[in-house]
Amino acid sequence: MTTIEKTDSVPAPRAGGKGGTPLLQVRDLHVEFHTRDGVAKAVNGVNYTVNAGETLAVLGESGSGKSVTAQAIMGILDMPPGKIPQGEILFHGEDMLKMSGEQRRKIRGRKIAMIFQDALSSLNPVLSVGYQLGEMFRVHQGLSKKEAKLKAIELMDRVRIPAAKDRVSDYPHQFSGGMRQRIMIAMALALEPELIIADEPTTALDVTVQAQVMDLLAELQREYNMGLILITHDLGVVADVADKIAVMYAGRIVETAPVHELYKRPAHPYTRGLLDSIPRLDQKGQELFAIKGLPPNLLKIPTGCAFNPRCPKAQDICRTDVPALHTVTEQDGAELPGRGSACHFWKETIHG
Amino acid sequence: MGRYVIRRLLQMIPVFLGTTFIIFAMVYALGDPVAQMFGDRTPDPATVARMRHDLNLDKPLVTQYVLYMGNIFTGDFGEAFNGQKVTELMGEAFPTTLQLTLVAISLEIVLGIGLGLLSGLRRGKILDNVVLIGTLVVISIPVFVIGYLAQYFLAVKWNWVEPSVSADPTIDEMILPAFVLAGLSLAYVTRLTRTSIVENMRADYLRTAVAKGLPRRRVIGVHLLRNSLIPVVTFIGTDVGALMGGAIVTEGIFNIHGVGYQLLQGVVRRNSPTVVGFVTVLVLVFLLANLIVDLLYAVLDPRIRYA
Chain A
1 MTTIEKTDSV PAPRAGGKGG TPLLQVRDLH VEFHTRDGVA KAVNGVNYTV NAGETLAVLG
61 ESGSGKSVTA QAIMGILDMP PGKIPQGEIL FHGEDMLKMS GEQRRKIRGR KIAMIFQDAL
121 SSLNPVLSVG YQLGEMFRVH QGLSKKEAKL KAIELMDRVR IPAAKDRVSD YPHQFSGGMR
181 QRIMIAMALA LEPELIIADE PTTALDVTVQ AQVMDLLAEL QREYNMGLIL ITHDLGVVAD
241 VADKIAVMYA GRIVETAPVH ELYKRPAHPY TRGLLDSIPR LDQKGQELFA IKGLPPNLLK
301 IPTGCAFNPR CPKAQDICRT DVPALHTVTE QDGAELPGRG SACHFWKETI HG
Chain B
1 MGRYVIRRLL QMIPVFLGTT FIIFAMVYAL GDPVAQMFGD RTPDPATVAR MRHDLNLDKP
61 LVTQYVLYMG NIFTGDFGEA FNGQKVTELM GEAFPTTLQL TLVAISLEIV LGIGLGLLSG
121 LRRGKILDNV VLIGTLVVIS IPVFVIGYLA QYFLAVKWNW VEPSVSADPT IDEMILPAFV
181 LAGLSLAYVT RLTRTSIVEN MRADYLRTAV AKGLPRRRVI GVHLLRNSLI PVVTFIGTDV
241 GALMGGAIVT EGIFNIHGVG YQLLQGVVRR NSPTVVGFVT VLVLVFLLAN LIVDLLYAVL
301 DPRIRYA
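Sequence lines, in order, name chains A and B. The opening position of the first sequence corresponds to residue 1 in the UniProt record's numbering, with each subsequent residue numbered one higher. The opening position of the second sequence corresponds to residue 1 in the UniProt record's numbering, with each subsequent residue numbered one higher.
Honestly, the hints are just simulated from the structure, not real lab data. A portion of the hints provided could be inaccurate.
What the hints assert, rightly or not - Residues from chain B shown here face chain A by an in silico Cβ test under 7 Å; the list is partial:
hint : residue
1    : N82
2    : D204
3    : Y205
4    : H223
5    : N227
6    : R303
Built from N, CA and C at the ideal position, the CB exists for glycine as well.
With these hints in hand, go ahead and build the complete structure from the sequences.
See the structure below:
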């Protein structure tokens, strides 16, 4: 049993930014699904970076490609029908898309872990939670059944499941929704990975439990100094936890910004629409704003800016030219760090 | 769990009494077994009356049934009309059939689940299509056709195996008959496993298992199979009962003196005590097999709890 840890031996030539190589860097990622009706372009050139200890929130409607990007990073896309024609996913500077299946498997769960949306269906119904948690240690660290069970109890304590010792042999259906999601979190945390991808971790939970689970996640992230990619469509969840936000639309990032900047001054009409459609207490009784129309069919993404059929500001150029992710600046030309907007009229949107 | 088992065992009593009574009534209503014994000769009325009296045939049906059941519980299944004890016949027939059934079930488990798993994992590929068509062929051809064809080609023409099974059969003699006997169920087990595998491969928990970085062997062996086998185990369990009693055709083709053979002889010769006796035991086998399947279900799927 000799395993070559390629991760460390390969120099990182693409060191981006200060402080060396970022933990994770997604570069120009494309994902397509070949279906009977044609090619669905789910992800069309996504770029983002996550550093250790940093939280990136990926925001977007259903079908915007946020989960597909995450699955591509994890390496759990169904291929076929999925296909990655272009792009790089650099983990510690090394492209994971070029690794062998076995190399990727060793990263999964140990270095990059994922938390899924619906914990009830994402946990195996016929295996006890203790077994499913312990499996991480048994497979990746070669612990015995007994040691793994003790570790599982420890983990359950860690995510504050009461009476962990008595409940370790229980099955997923015997837990409440919040507790189940804690078990999912515990499972992701088991080997103290460097990056956690949480795919709508609170969507299936009720509001009070949502807050508890998010707090727990944020606390553990700080403690272990992990990178976190938080995929969500809930703007409320994002504001508290994230450092920076990437807004996705039709498989593309349309705006990136540090979290509070985005709420204050959105630089893309789509983001503005999203923010305007949050119900607000001071506008009680008024009609709630909604972005008109539907997200585009991924088999037939509109030419130009994908958002143009729904955009209130759309002009002729929007129907012909795909906008690049422009660097957003202040009115006097001073660059706003970490901000970008893929809109031809970002200036008008942010300053106008 | 314990209470559930007791309740189920108690429920078996009325089912057992009901089914055996119906069988008893049907067999004895079919005609006059005493007249049958004499064939074409006209019997002496005094002898007939004595025999009827000895066999309790002069009493009302319900009384006959009660007397019969009383005897059964003391272990006396009566005598076949040739004077052989029915229990003796059973002692020869049941071990033989049990052997045949066990070989058949093993084939179902190993081949059925194996093929089902492979074709499920390779959905839409060549192997999958071959298996689907193959099982369809097996399902649509009657057992006796498959049996006679297998016997003709494998035993008579190519001489690979003996055409009929000896009086004291060994396991390897049983393989061909077991194949013929299991054929239909084997096809069903394969299809059931395949469907179940295909369905569970799309499950969220399987995606989780992959995301945990488990090796493929473990993802399939522990997470996929464990869930997919629940319906298959249920089917195989009930099949044990069916195979024990349903081997009439196969046992006939390969001249195996098992339960099916004795039952057939009993029916053809109007040997009522044999028929009723064997069927009574088969009813018990069915009931127990069903109980075991239900209990197994709870063991395999923790979401099912019996109170």
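These are the hints, each one checked on the structure:
1. N82: Since chain A brings no Cβ nearer than about 54 Å to N82(B), farther than 7 Å, the hint is violated.
2. D204: D204(B) check passes; min Cβ-Cβ to chain A is 4 Å, inside 7 Å.
3. Y205: Holds, because the Cβ-Cβ distance from Y205(B) to chain A comes to roughly 4 Å (cut-off 7 Å).
4. H223: Constraint on H223(B) satisfied, holds at 6 Å.
5. N227: With Cβ-Cβ at 6 Å, under 7 Å, it holds.
6. R303: R303(B) check passes; min Cβ-Cβ to chain A is 5 Å, inside 7 Å.
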